[in-house]
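Under our numbering, residues 1 to 310 are what the sequence shown spells out, in order.
No lab work stands behind these hints, which were simulated from the structure alone. We put the beta carbon where it would ideally sit given N, CA and C, even for glycine. Treat each hint with caution, since some may be false.
Computed beta-carbon distance windows for the label pairs [to be verified]: (1) T159 - W87: 18 to 28 Å; (2) T56 - I119: 16 to 26 Å; (3) S200 - N118: 22 to 32 Å; (4) V138 - P96: 49 to 59 Å; (5) L149 - T56: 34 to 44 Å; (6) P96 - M122: 33 to 43 Å; (7) S200 - F296: 31 to 41 Å; (8) A84 - Y128: 50 to 60 Å; (9) N184 - M122: 36 to 46 Å; (10) G189 - I291: 19 to 29 Å.
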Amino acid sequence: MDILIQQLINGITVGSVYALVALGYTMVYGIIGLINFAHGDVVMVGAMVATTLVVTLIGADPGSMSAWLAIVIALLVSIPVCMALGWLAERYAYRPLRRAPRLAALITAIGVSIIIQNIAMMVWGRNYLSFPHVIEPVVFPIGGARISLLQISIIVIATAIMACLLLVVHRTRLGTAMRATAQNREVAGLMGVNINTVISAAFLIGSALAAVAGVMVTTYYGVAQYTMGFMLGLKAFTAAVLGGIGNLGGAMLGGLLLGIIESLGAGYIGNLTNGVFGSNYQDVFSFIVLILVLVFRPSGLLGERVGDRA
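Start from the sequences, fold in the hints, and give me the full structure.
This is the structure:
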(Lines of atoms letter the chains of each structure in order from A and count residues from 1; the text may use other names and numbers.)
(Lines give C-alpha, C1' and ligand atoms only; values in the text may rest on other atoms or scores of the structure.)
Protein backbone atom coordinates (compact mmCIF):
# COMPACT_ATOMS: atom_id res chain seq x y z
CA MET A 1 0.00 0.00 0.00
CA ASP A 2 2.87 2.37 0.77
CA ILE A 3 4.32 1.81 -2.70
CA LEU A 4 0.90 2.37 -4.27
CA ILE A 5 0.40 5.69 -2.47
CA GLN A 6 3.91 6.83 -3.40
CA GLN A 7 3.41 5.97 -7.05
CA LEU A 8 0.06 7.78 -7.07
CA ILE A 9 1.73 10.90 -5.66
CA ASN A 10 4.48 10.70 -8.27
CA GLY A 11 1.92 10.08 -11.01
CA ILE A 12 -0.25 13.05 -10.05
CA THR A 13 2.85 15.27 -9.99
CA VAL A 14 4.02 14.22 -13.45
CA GLY A 15 0.44 14.13 -14.72
CA SER A 16 -0.04 17.76 -13.72
CA VAL A 17 2.82 18.69 -16.04
CA TYR A 18 1.42 16.53 -18.83
CA ALA A 19 -1.95 18.25 -18.40
CA LEU A 20 -0.44 21.73 -18.80
CA VAL A 21 1.32 20.72 -22.02
CA ALA A 22 -1.73 18.83 -23.29
CA LEU A 23 -3.82 21.99 -22.88
CA GLY A 24 -1.59 23.70 -25.46
CA TYR A 25 -2.23 20.89 -27.93
CA THR A 26 -5.95 20.77 -27.34
CA MET A 27 -6.52 24.55 -27.53
CA VAL A 28 -4.84 24.84 -30.92
CA TYR A 29 -6.49 21.71 -32.28
CA GLY A 30 -9.91 22.74 -31.01
CA ILE A 31 -9.73 26.09 -32.80
CA ILE A 32 -7.93 25.40 -36.09
CA GLY A 33 -7.67 21.60 -36.21
CA LEU A 34 -3.85 21.61 -36.15
CA ILE A 35 -1.75 19.17 -34.15
CA ASN A 36 1.20 21.39 -33.27
CA PHE A 37 3.99 18.85 -32.88
CA ALA A 38 6.42 21.69 -32.19
CA HIS A 39 4.67 22.40 -28.88
CA GLY A 40 6.89 20.00 -26.95
CA ASP A 41 9.94 21.90 -28.15
CA VAL A 42 8.47 25.12 -26.78
CA VAL A 43 8.43 23.35 -23.41
CA MET A 44 12.07 22.46 -23.96
CA VAL A 45 13.00 26.09 -24.65
CA GLY A 46 11.26 27.14 -21.44
CA ALA A 47 13.23 24.54 -19.49
CA MET A 48 16.56 25.52 -21.07
CA VAL A 49 16.01 29.25 -20.51
CA ALA A 50 14.96 28.68 -16.90
CA THR A 51 17.94 26.42 -16.17
CA THR A 52 20.38 28.90 -17.69
CA LEU A 53 18.94 31.79 -15.69
CA VAL A 54 18.90 29.94 -12.38
CA VAL A 55 22.50 28.82 -12.87
CA THR A 56 23.48 32.38 -13.75
CA LEU A 57 21.61 33.98 -10.84
CA ILE A 58 22.72 31.58 -8.15
CA GLY A 59 26.09 30.53 -9.58
CA ALA A 60 28.53 28.82 -7.26
CA ASP A 61 27.04 30.53 -4.18
CA PRO A 62 23.62 29.03 -3.35
CA GLY A 63 23.18 31.63 -0.61
CA SER A 64 23.49 34.57 -2.97
CA MET A 65 19.76 34.53 -3.76
CA SER A 66 16.67 32.71 -2.60
CA ALA A 67 16.08 29.59 -4.71
CA TRP A 68 12.38 30.33 -5.08
CA LEU A 69 13.12 33.92 -6.12
CA ALA A 70 15.54 32.68 -8.77
CA ILE A 71 12.91 30.25 -10.08
CA VAL A 72 10.26 32.99 -10.18
CA ILE A 73 12.63 35.25 -12.15
CA ALA A 74 13.44 32.39 -14.53
CA LEU A 75 9.71 31.79 -14.98
CA LEU A 76 9.00 35.45 -15.69
CA VAL A 77 11.67 35.41 -18.41
CA SER A 78 10.91 32.01 -19.96
CA ILE A 79 7.17 32.76 -20.34
CA PRO A 80 7.59 35.73 -22.75
CA VAL A 81 10.36 33.87 -24.61
CA CYS A 82 8.09 30.87 -25.19
CA MET A 83 5.13 33.10 -26.04
CA ALA A 84 7.22 34.90 -28.66
CA LEU A 85 8.29 31.53 -30.08
CA GLY A 86 4.70 30.32 -30.28
CA TRP A 87 3.54 33.56 -31.90
CA LEU A 88 6.30 33.43 -34.52
CA ALA A 89 5.43 29.83 -35.38
CA GLU A 90 1.75 30.67 -35.78
CA ARG A 91 2.31 33.87 -37.72
CA TYR A 92 4.93 32.73 -40.21
CA ALA A 93 4.63 28.93 -40.36
CA TYR A 94 0.99 28.01 -39.75
CA ARG A 95 -1.10 31.03 -40.75
CA PRO A 96 -0.17 30.86 -44.47
CA LEU A 97 -1.32 27.21 -44.50
CA ARG A 98 -4.75 27.57 -42.92
CA ARG A 99 -6.56 26.76 -46.14
CA ALA A 100 -4.00 24.20 -47.27
CA PRO A 101 -4.53 20.44 -46.82
CA ARG A 102 -4.00 19.30 -43.25
CA LEU A 103 -1.02 17.20 -44.26
CA ALA A 104 0.87 20.35 -45.27
CA ALA A 105 0.33 21.92 -41.85
CA LEU A 106 1.30 18.68 -40.13
CA ILE A 107 4.57 18.43 -42.06
CA THR A 108 5.24 22.10 -41.33
CA ALA A 109 4.74 21.48 -37.59
CA ILE A 110 7.32 18.70 -37.71
CA GLY A 111 9.67 21.03 -39.60
CA VAL A 112 9.21 23.78 -36.99
CA SER A 113 10.02 21.22 -34.29
CA ILE A 114 13.26 20.26 -36.03
CA ILE A 115 14.23 23.92 -36.48
CA ILE A 116 13.65 24.73 -32.80
CA GLN A 117 15.64 21.68 -31.72
CA ASN A 118 18.59 22.59 -33.91
CA ILE A 119 18.58 26.22 -32.77
CA ALA A 120 18.53 25.02 -29.16
CA MET A 121 21.42 22.67 -29.89
CA MET A 122 23.46 25.54 -31.34
CA VAL A 123 22.69 27.81 -28.39
CA TRP A 124 23.03 25.36 -25.48
CA GLY A 125 25.01 22.48 -27.00
CA ARG A 126 24.32 18.75 -26.98
CA ASN A 127 25.08 18.09 -23.32
CA TYR A 128 22.57 18.02 -20.50
CA LEU A 129 22.21 21.16 -18.41
CA SER A 130 22.04 20.49 -14.68
CA PHE A 131 19.54 22.44 -12.63
CA PRO A 132 21.15 23.46 -9.32
CA HIS A 133 19.94 21.53 -6.27
CA VAL A 134 19.01 24.67 -4.40
CA ILE A 135 15.56 23.73 -3.11
CA GLU A 136 15.63 22.11 0.30
CA PRO A 137 14.20 18.55 0.12
CA VAL A 138 11.36 19.16 2.58
CA VAL A 139 9.09 16.11 2.73
CA PHE A 140 5.82 15.34 4.48
CA PRO A 141 4.68 11.80 5.39
CA ILE A 142 1.41 10.48 3.98
CA GLY A 143 0.85 7.09 5.48
CA GLY A 144 4.01 5.21 4.62
CA ALA A 145 4.70 7.41 1.59
CA ARG A 146 6.24 10.86 1.30
CA ILE A 147 5.40 13.96 -0.68
CA SER A 148 7.91 16.76 -1.11
CA LEU A 149 7.30 20.48 -0.95
CA LEU A 150 8.30 20.67 -4.62
CA GLN A 151 5.67 18.09 -5.58
CA ILE A 152 3.02 19.96 -3.62
CA SER A 153 4.04 23.20 -5.34
CA ILE A 154 3.83 21.64 -8.80
CA ILE A 155 0.38 20.14 -8.15
CA VAL A 156 -1.04 23.30 -6.57
CA ILE A 157 0.36 25.66 -9.22
CA ALA A 158 -0.78 23.42 -12.09
CA THR A 159 -4.27 23.12 -10.57
CA ALA A 160 -4.53 26.89 -10.10
CA ILE A 161 -3.40 27.56 -13.68
CA MET A 162 -5.89 25.06 -15.10
CA ALA A 163 -8.71 26.58 -13.05
CA CYS A 164 -7.79 30.07 -14.27
CA LEU A 165 -7.73 28.85 -17.87
CA LEU A 166 -11.22 27.42 -17.52
CA LEU A 167 -12.41 30.75 -16.13
CA VAL A 168 -10.85 32.59 -19.06
CA VAL A 169 -12.43 30.27 -21.62
CA HIS A 170 -15.91 30.23 -20.06
CA ARG A 171 -16.19 33.64 -18.40
CA THR A 172 -14.43 36.18 -20.61
CA ARG A 173 -15.01 37.76 -24.02
CA LEU A 174 -11.80 36.21 -25.30
CA GLY A 175 -12.99 32.80 -24.18
CA THR A 176 -16.34 33.35 -25.89
CA ALA A 177 -14.53 34.34 -29.09
CA MET A 178 -12.33 31.26 -28.85
CA ARG A 179 -15.30 28.96 -28.41
CA ALA A 180 -17.14 30.63 -31.27
CA THR A 181 -14.11 30.30 -33.54
CA ALA A 182 -13.78 26.64 -32.61
CA GLN A 183 -17.45 26.09 -33.42
CA ASN A 184 -17.40 27.78 -36.84
CA ARG A 185 -14.55 30.01 -37.92
CA GLU A 186 -16.32 31.62 -40.86
CA VAL A 187 -19.51 32.46 -38.97
CA ALA A 188 -17.51 33.83 -36.03
CA GLY A 189 -15.65 36.10 -38.42
CA LEU A 190 -18.93 37.36 -39.87
CA MET A 191 -20.12 38.15 -36.33
CA GLY A 192 -17.16 40.47 -35.74
CA VAL A 193 -14.66 38.11 -34.15
CA ASN A 194 -11.07 38.81 -35.19
CA ILE A 195 -10.04 35.28 -36.15
CA ASN A 196 -6.32 36.04 -36.39
CA THR A 197 -6.29 37.56 -32.91
CA VAL A 198 -8.15 34.62 -31.40
CA ILE A 199 -5.85 32.03 -32.98
CA SER A 200 -2.77 33.98 -31.96
CA ALA A 201 -4.15 34.19 -28.41
CA ALA A 202 -4.54 30.40 -28.34
CA PHE A 203 -0.90 29.97 -29.34
CA LEU A 204 0.25 32.58 -26.83
CA ILE A 205 -1.68 31.01 -23.94
CA GLY A 206 -0.54 27.52 -24.89
CA SER A 207 3.08 28.67 -25.10
CA ALA A 208 2.85 30.35 -21.69
CA LEU A 209 1.57 27.07 -20.23
CA ALA A 210 4.43 25.28 -21.97
CA ALA A 211 6.95 27.63 -20.34
CA VAL A 212 5.51 26.91 -16.89
CA ALA A 213 5.61 23.17 -17.61
CA GLY A 214 9.22 23.46 -18.78
CA VAL A 215 10.25 25.16 -15.54
CA MET A 216 8.41 22.48 -13.55
CA VAL A 217 10.09 19.65 -15.45
CA THR A 218 13.64 20.94 -15.11
CA THR A 219 13.08 21.80 -11.43
CA TYR A 220 11.62 18.36 -10.71
CA TYR A 221 14.08 16.20 -12.64
CA GLY A 222 17.11 18.48 -12.32
CA VAL A 223 18.21 18.33 -15.97
CA ALA A 224 17.33 19.85 -19.34
CA GLN A 225 18.46 18.96 -22.84
CA TYR A 226 17.60 20.08 -26.36
CA THR A 227 15.82 16.80 -27.28
CA MET A 228 13.68 16.58 -24.15
CA GLY A 229 10.68 18.19 -25.82
CA PHE A 230 10.16 15.34 -28.27
CA MET A 231 9.19 12.65 -25.77
CA LEU A 232 7.42 15.09 -23.46
CA GLY A 233 5.41 16.41 -26.40
CA LEU A 234 4.39 12.91 -27.49
CA LYS A 235 3.24 12.05 -23.98
CA ALA A 236 1.26 15.27 -23.70
CA PHE A 237 -0.30 14.58 -27.10
CA THR A 238 -1.22 11.10 -25.85
CA ALA A 239 -2.82 12.72 -22.80
CA ALA A 240 -4.82 15.07 -25.02
CA VAL A 241 -6.02 12.16 -27.18
CA LEU A 242 -6.84 10.09 -24.08
CA GLY A 243 -9.01 12.81 -22.61
CA GLY A 244 -10.50 13.91 -25.94
CA ILE A 245 -8.43 16.29 -28.01
CA GLY A 246 -10.17 19.64 -28.36
CA ASN A 247 -11.71 19.32 -24.89
CA LEU A 248 -9.99 21.30 -22.12
CA GLY A 249 -11.35 19.15 -19.32
CA GLY A 250 -10.33 16.10 -21.29
CA ALA A 251 -6.76 17.33 -21.59
CA MET A 252 -6.57 17.83 -17.82
CA LEU A 253 -8.09 14.43 -17.09
CA GLY A 254 -5.93 12.73 -19.70
CA GLY A 255 -2.75 14.25 -18.32
CA LEU A 256 -3.47 13.12 -14.78
CA LEU A 257 -4.52 9.62 -15.87
CA LEU A 258 -1.47 9.19 -18.09
CA GLY A 259 0.85 10.31 -15.30
CA ILE A 260 -0.72 7.83 -12.88
CA ILE A 261 -0.67 4.98 -15.42
CA GLU A 262 2.96 5.67 -16.26
CA SER A 263 3.98 5.89 -12.60
CA LEU A 264 2.14 2.72 -11.61
CA GLY A 265 3.63 0.92 -14.59
CA ALA A 266 7.15 2.00 -13.64
CA GLY A 267 6.59 0.91 -10.04
CA TYR A 268 5.15 -2.52 -10.72
CA ILE A 269 6.58 -3.63 -14.08
CA GLY A 270 9.56 -5.25 -12.38
CA ASN A 271 7.33 -7.43 -10.18
CA LEU A 272 4.97 -8.29 -13.01
CA THR A 273 7.80 -9.44 -15.29
CA ASN A 274 10.00 -11.03 -12.60
CA GLY A 275 12.71 -8.43 -13.15
CA VAL A 276 12.92 -8.83 -16.93
CA PHE A 277 11.84 -5.20 -17.43
CA GLY A 278 12.63 -2.27 -15.17
CA SER A 279 11.28 1.22 -14.56
CA ASN A 280 13.26 2.49 -17.57
CA TYR A 281 10.48 0.99 -19.71
CA GLN A 282 7.88 3.41 -18.32
CA ASP A 283 7.60 5.27 -21.64
CA VAL A 284 6.12 2.14 -23.19
CA PHE A 285 2.92 2.58 -21.21
CA SER A 286 2.23 5.97 -22.77
CA PHE A 287 2.28 4.52 -26.27
CA ILE A 288 0.24 1.49 -25.24
CA VAL A 289 -2.40 3.91 -23.94
CA LEU A 290 -2.27 5.88 -27.21
CA ILE A 291 -2.76 2.75 -29.32
CA LEU A 292 -5.62 1.48 -27.15
CA VAL A 293 -7.42 4.82 -27.26
CA LEU A 294 -7.04 5.16 -31.03
CA VAL A 295 -8.34 1.63 -31.54
CA PHE A 296 -11.24 1.51 -29.08
CA ARG A 297 -12.24 5.16 -28.51
CA PRO A 298 -10.64 7.59 -30.97
CA SER A 299 -12.73 10.48 -29.59
CA GLY A 300 -11.18 10.09 -26.13
CA LEU A 301 -12.80 9.78 -22.74
CA LEU A 302 -14.60 13.13 -22.81
CA GLY A 303 -14.70 13.65 -26.57
CA GLU A 304 -17.95 13.54 -28.46
CA ARG A 305 -18.58 10.99 -31.16
CA VAL A 306 -19.25 12.92 -34.37
CA GLY A 307 -20.77 11.28 -37.40
CA ASP A 308 -19.53 11.97 -40.89
CA ARG A 309 -21.47 14.63 -42.76
CA ALA A 310 -23.24 13.68 -45.93
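Taking the hints in turn, this is what the structure says about them:
no. : hint                    : verdict
1   : T159 - W87: 18 to 28 Å  : holds (27 Å)
2   : T56 - I119: 16 to 26 Å  : holds (20 Å)
3   : S200 - N118: 22 to 32 Å : holds (25 Å)
4   : V138 - P96: 49 to 59 Å  : holds (50 Å)
5   : L149 - T56: 34 to 44 Å  : violated (24 Å)
6   : P96 - M122: 33 to 43 Å  : violated (26 Å)
7   : S200 - F296: 31 to 41 Å : holds (36 Å)
8   : A84 - Y128: 50 to 60 Å  : violated (25 Å)
9   : N184 - M122: 36 to 46 Å : holds (42 Å)
10  : G189 - I291: 19 to 29 Å : violated (38 Å)
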